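Q: Per the numbering used here, the sequence shown starts with residue 466, numbered consecutively.
Don't read these hints as lab results, they were simulated from the structure.
Don't take every hint at face value.
[Unchecked claim] With a straight-line cut-off of 20 Å between C-alpha atoms, the simulated EDC-like cross-links for lysine to aspartate or glutamate are:
id: 1; residue 1: 527; residue 2: 654
id: 2; residue 1: 622; residue 2: 522
id: 3; residue 1: 581; residue 2: 521
id: 4; residue 1: 655; residue 2: 522
id: 5; residue 1: 647; residue 2: 588
id: 6; residue 1: 655; residue 2: 521
id: 7; residue 1: 655; residue 2: 584
id: 8; residue 1: 655; residue 2: 585
id: 9; residue 1: 527; residue 2: 652
id: 10; residue 1: 581; residue 2: 652
id: 11; residue 1: 622; residue 2: 521
id: 12; residue 1: 581; residue 2: 654
Note that this is a predicted model, so its numbers are computed, not measured.
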Amino acid sequence: MGGEGSSFALRLAPPAMAAFLIFIASSVEVLLPVMLFFGVDSPRLWLLRTTPVGTEDLLRGKMRSVLLLTPLIIPSAALPMAIVRSFPLLVTVYLILAAVAAIYLSASIGIYAGIKYFEEVREGKGYPPVVPLYSTLVASLAIYSLEVGVGAAVYLKNHTLGILTLLVLCGMNYSFYSFCLKWGAREFEKRDL
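Using the sequences and the hints, build the whole thing.
A: See below:
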C-alpha cells in the first residue's frame, strides 16, 4: 500500500513542480511589473490626465504591453519539463491552461495591488515596501494554488472535466482582469499625482 501511494506522489511531483514554475514566472513577468507600473511611472502619470484618451484605454494599453510576451515566457517555464519528462498530452494542455489562468490572475492582482499601494510604491521611488509586496505574492499564490488544485482534483477523476474546469477558471480570471481594469481606471483617476 505504501508503494502505491509513493508511486502516485512521484507521478504528480513533476506536473506540480511545473505548475509552481508557472506561478513563479507569472509573478515575475506579470504581477510585479503591473504592480510597479504605478510607482515607477508615477512622475510621468500626470500626462495621463492631459491626453484625450480615457484612463481605461491607457491602462489597457499598458497591460497589453506587459502581457505581450507572456505567452512565450510563461509556458516556456514549464514546457521543457513537460518535454523532458514526457508528460501526456492532456497534462501539457492542462499546464498551458494553468499558465493562461496564472497570467490573468497575476495581471488582476497586480492592478489591484498597484492601485491599493500606490502611495507606498510612489514613496519608495518605484519599489514597493516589503509587506505589501509579500502580502500580494502570498494572496496570488493562495488563489493560484486553489484554482490549480481544484482543477487537478477534478482532472484526476475525469481528464476532460479537469480541462473544462480549468477553462472555466481561465474565463473567470479574464473576467476578473476586465473588472480590475475598469476599477483600476476609476480609482486611478481619483489619485493625486
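Q: All hints, please: hold or fail.
A: Now for the hints, and whether the structure bears them out:
1. 527 x 654: holds (16 Å)
2. 622 x 522: violated (42 Å)
3. 581 x 521: holds (17 Å)
4. 655 x 522: Distance ~16 Å between residue 655 and residue 522 Cα, so the pair holds.
5. 647 x 588: Since the Cα atoms of residue 647 and residue 588 sit roughly 25 Å apart, the hinted pair is violated (cutoff 20 Å).
6. 655 x 521: Holds, at roughly 13 Å.
7. 655 x 584: holds (13 Å)
8. 655 x 585: holds (16 Å)
9. 527 x 652: OK: residue 527 and residue 652 at ~16 Å, within 20 Å.
10. 581 x 652: With a Cα-Cα distance of about 9 Å, the restraint between residue 581 and residue 652 holds, given a limit of 20 Å.
11. 622 x 521: violated (42 Å)
12. 581 x 654: holds (13 Å)
Checked against the numbered hints listed earlier, the structure breaks hints 2, 5 and 11; every other hint is satisfied.
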